[in-house]
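Student: Here my numbering is used: the first residue of the sequence shown is 133, the next is one more, and so on.
Don't take each hint at face value.
In silico BS3-like links for lysine-lysine, alpha-carbon gap of 30 Å or less [claimed, not checked]:
#	residue 1	residue 2
1	K496	K446
2	K279	K340
3	K446	K467
4	K405	K467
5	K496	K486
6	K219	K196
7	K431	K379
8	K534	K400
Pairwise CB distance ranges (calculated) [claimed, not checked]:
#	residue 1	residue 2	range
9	L547	D365	25 to 31 Å
10	N202	N348	35 to 41 Å
11	E428	D365	44 to 50 Å
Please keep in mind that the hints were generated in silico from the structure rather than gathered at the bench.
Quick caveat, the model's predicted, so the values are computed rather than measured.
C-beta: ideal position from N, C-alpha, C; glycine also.
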Amino acid sequence: MRSSFSSKFNRREPKKKQIKKQGDFFKKAKSALFDGFFQGSDFYKVEKFVYLREAKNYEEKAVKNLSEGNVNKAIEEYKIASQLLKKSCEEGDPELAYYTSKIADVYLGCGQTNLAVEYYDQSLQQLLNSFLLKHEPIFVCYHQLAKCLIKQNEFGEAIYCIKECLQRVGKVESEEVAQDLRISCYKMLAEIYLKYEKYDRALENIEKISKEDVKNSEFVLDYGLCLACNKGDYNKGMKIIQKFMEKEREKFGENSFMVGIGGLYMGKFHMIKGEIYQAEREIDHSEQIIKELLGEENKFIGKCELMKGEIALKEGEYQKGMKNLMRGLEIFEEKDFELGRCYLNIGEIYMRMKKWDLAVENLKRGIEEREKLLDGFEEADGEFLLGNMMLAAVYGWKGDVKEVVVYYEKFMEELVKMVAEKCSKQPDFEAKQ
């Protein structure tokens, strides 16, 4: 089952018990002038300074070890510095998050995203539960956490963190810093929505990037695709991609990597328009370029195989399509969007061949893979809807009424959500409410 968004993200909220302690801190601060001398506060200040100085010494060692490539040693020293800082700070002091976020940065830099998420989470909780008046450390923490979560394909949670970041960016004094963060957030959102084929959402964020940075060309191909898939403007979308590919050929030659990627976009355009011959020609040419540059074992080759499999399925060439899709399964890994898509297409082939048991097995696997990517993602999903609809149909042909009801209800639940989303985007919808 798709998990509840609200229950999943409560851990990012400040704890009430800890928030209450902020008031205790300010009370202590007010009374310090009066009773500090009686509590030996001069000695306490010296002790705090010693701990703080030791923490800075360990930080310097960590920075030196990082420059020399001694990552594990640097992490150990940051952890010691963090413990020393705890001894020099009052509870509720935002400085407590400083070394926690440093440790997270190191883990992110060396690709250990699980540990990076753990320490960014700690840092964020410390900041949210502190008496911090500035927003910069909080939104930077949300931003870095979102980057980690995207690498782990935890997209629902990443969207939550990005939105939290954007809410706070407007309160930053430096407009340059705010703009850089906004652009980065819009890029992450565009990347996520493109993966889910939410072209309207993706287009919205790509256009925001263009307004903030008119020279940005990172999403040119995706912009063309979004225009076609969301607004039905195929001619304009194709012209944008063709123009981009012409520039790439002029700069880097006919067989450059981005020419190959552009060919995949053109292949998708032709598939959508039902121009099978042109689609196959573009995909084959892209596949040849990518094989020459990257070899045969990479995700781009997997996408070529998936697209060819989908074309073969549409054309009724089931054995050919099965071969392409099975090759895709060899390439894609867990939590790749294309993995579930391969299983759903294989399930559809078996369904059309009336091999019901094999159809059920592959459709269920496709739905399971898709559900992993929908964990915490609130919007309706077309592939989840399609998978449940086909599975209900297969169980109908098998005569299993009980299972038909189970998957038909899932299909209807997703369909209602999808219709509600489309209605909410109509200009006059809110006025009628």
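Student: Are the hints correct? Go through all of them and say.
Tutor: Results of checking the hints against the structure:
Note on K496 and K446: the hinted pairing holds, with a Cα-Cα distance of about 21 Å set against a maximum of 30 Å. Straight-line distance between C-alpha atoms of K279 and K340 comes to about 19 Å, which keeps the hinted pair within the 30 Å bound. For the proposed pair K446 and K467, the alpha carbon gap of about 26 Å is at most 30 Å, so the pair holds. Annotation: proposed proximity of K405 to K467 holds, straight-line Cα distance about 29 Å (limit 30 Å).
Pair hint K496 plus K486 holds up; C-alpha atoms about 16 Å apart against a cutoff of 30 Å. Using a Cα cut-off of 30 Å, the hinted pair K219 and K196 holds, with the two alpha carbons roughly 24 Å apart. With a C-alpha separation of about 25 Å, the suggested pair K431 and K379 falls inside the 30 Å cut-off, and the hint holds. Under the criterion of a C-alpha separation no larger than 30 Å, the hint pairing K534 with K400 is inconsistent with the structure, at around 38 Å.
A C-beta distance of roughly 27 Å is found between L547 and D365, which places it inside the suggested range of 25 to 31 Å. Between N202 and N348, the C-beta spacing of about 37 Å keeps the proposed range 35 to 41 Å intact. The hinted range of 44 to 50 Å is not satisfied by E428 and D365, whose Cβ atoms lie roughly 35 Å apart.
Hint violations for this structure: numbers 8 and 11, all remaining hints satisfied.
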